[in-house]
Amino acid sequence: AQSVSQHNHHVILSEAASLELGCNYSYGGTVNLFWYVQYPGQHLQLLLKYFSGDPLVKGIKGFEAEFIKSKFSFNLRKPSVQWSDTAEYFCAVTYGSSNTGKLIFGQGTTLQVKP
Amino acid sequence: ETGVTQSPTHLIKTRGQQVTLRCSSQSGHNTVSWYQQALGQGPQFIFQYYREEENGRGNFPPRFSGLQFPNYSSELNVNALELDDSALYLCASSLVQGLTYEQYFGPGTRLTVT
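In the order they appear, the protein sequences are chains Y and H.
Take the first sequence: its position 49, counting from 1, is numbered 49 in our numbering, and each next residue is one higher.
Take the second sequence: its position 46, counting from 1, is numbered 46 in our numbering, and each next residue is one higher.
No wet-lab data here; the hints were simulated from the structure.
Here a beta-carbon is modelled for each residue, glycine too, at the ideal position from N, C-alpha and C.
One thing to keep in mind: the hints can contain errors.
A partial selection of chain H residues facing chain Y, derived with a Cβ cut-off under 10 angstroms [said to hold, decoys possible]:
#	residue
1	Gln41
2	Pro43
3	Phe45
4	Asn55
5	Pro62
6	Ala80
7	Leu83
8	Ala87
Stretch-level coverage of chain Y by chain H, calculated; a stretch enters the list once three of its residues show a Cβ under 8 angstroms from a Cβ in chain H [as the list claims (entries may be wrong)]:
#	stretch
9	21-27
10	64-77
Based on the sequences and whatever the hints tell you, model everything.
Okay, here's the thing in structure tokens:
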């Protein structure tokens with residue numbers, strides 16, 4: 001079955017620490033990959049997306065992600081986190097080359113950044 | 001703000017009742033998707049509408065149905081509510097351009113079934 005797995009359910013970091021959130025997806029066909037963030041009291045918003053091309057993707061707010069096809073992974077990174085990065089992070093995938101846009105989400109990672 | 005609005009914000013229903021949730025897409029977007037997010041989980045895809053036709057469906061029973069209107073607003077209808085239907089229901093609109101797209105999410109409707 002098509003699925004997405006996020007390894008860390010709850011991450012606690014101090015400000016200025018580096019962040020890496022893991023994301024793996026099943027199935028080895030064509031995929032489009034996304035990271036969404038949900039700040040407290042706000043709606044889901046897109047951090048970055050990968051459709052094709054350079055596997056290292058830059059997003060908003062200093063986030064980046066690397067698509068490693070051989071590992072079925074799309075890990076999210078940030079060199080130095082801020083207190084304002086405290087939020088829920090979701091990895092999501094669409095399968096196939098169609099534009100149906102059926103997003104399959106991971107279960108989410110709660111990031112808590114301590115000032 | 002994404003320009004996607006949903007109503008109502010919160011709703012409490014009794015098991016067996018029917019509910020209609022509404023979504024207003026971002027201007028110009030021709031595709032709307034609905035997701036169910038249970039507490040502590042990621043959103044689960046319910047279905048998608050493209051130009052008023054269903055364009056993909058997730059693993060949800062037929063009592064979950066939808067509509068998309070010519071102005072691209074949308075409804076999600078759930079019949080015979082069950083306790084497990086309690087969740088946050090998210091609407092997302094997108095503009096399909098070739099093979100790339102980005103879905104913009106609304107704030108959601110929190111449904112509680114008692």
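Okay, the hints, checked on the actual structure:
1. The criterion of a C-beta within 10 angstroms of any C-beta in chain Y is met by Gln41/H, whose closest approach is roughly 6 angstroms, and the hint holds.
2. Interface restraint check for Pro43/H: the shortest CB-CB distance to chain Y comes to about 5 angstroms, inside 10 angstroms, so the restraint holds.
3. Hint status for Phe45/H relative to chain Y: holds, with the closest Cβ pair at about 5 angstroms, below 10 angstroms.
4. Look at Asn55/H: its Cβ gets to within about 6 angstroms of chain Y, closer than 10 angstroms, so that hint holds up.
5. For Pro62/H, the interface hint is violated, since its Cβ never comes within 10 angstroms of a Cβ in chain Y; the closest pair sits about 18 angstroms apart.
6. Using the Cβ-Cβ criterion of 10 angstroms, the hint placing Ala80/H at the interface with chain Y is not satisfied: the shortest such distance is roughly 25 angstroms.
7. Taking 10 angstroms as the C-beta cut-off, the interface hint given for Leu83/H is violated, the closest approach to chain Y being about 21 angstroms.
8. With 10 angstroms as the threshold, the beta carbon of Ala87/H stays out of range of chain Y, its nearest partner Cβ sitting at about 13 angstroms, so the hint is violated.
9. Figure legend: the stretch 21-27 of chain Y, annotated as covered by chain H; annotation inconsistent (0 residues with Cβ-Cβ distances under 8 angstroms, at least 3 required).
10. With 0 residues bearing a CB less than 8 angstroms from a CB of chain H, the stretch 64-77 of chain Y misses the requirement of three and the coverage assertion fails.
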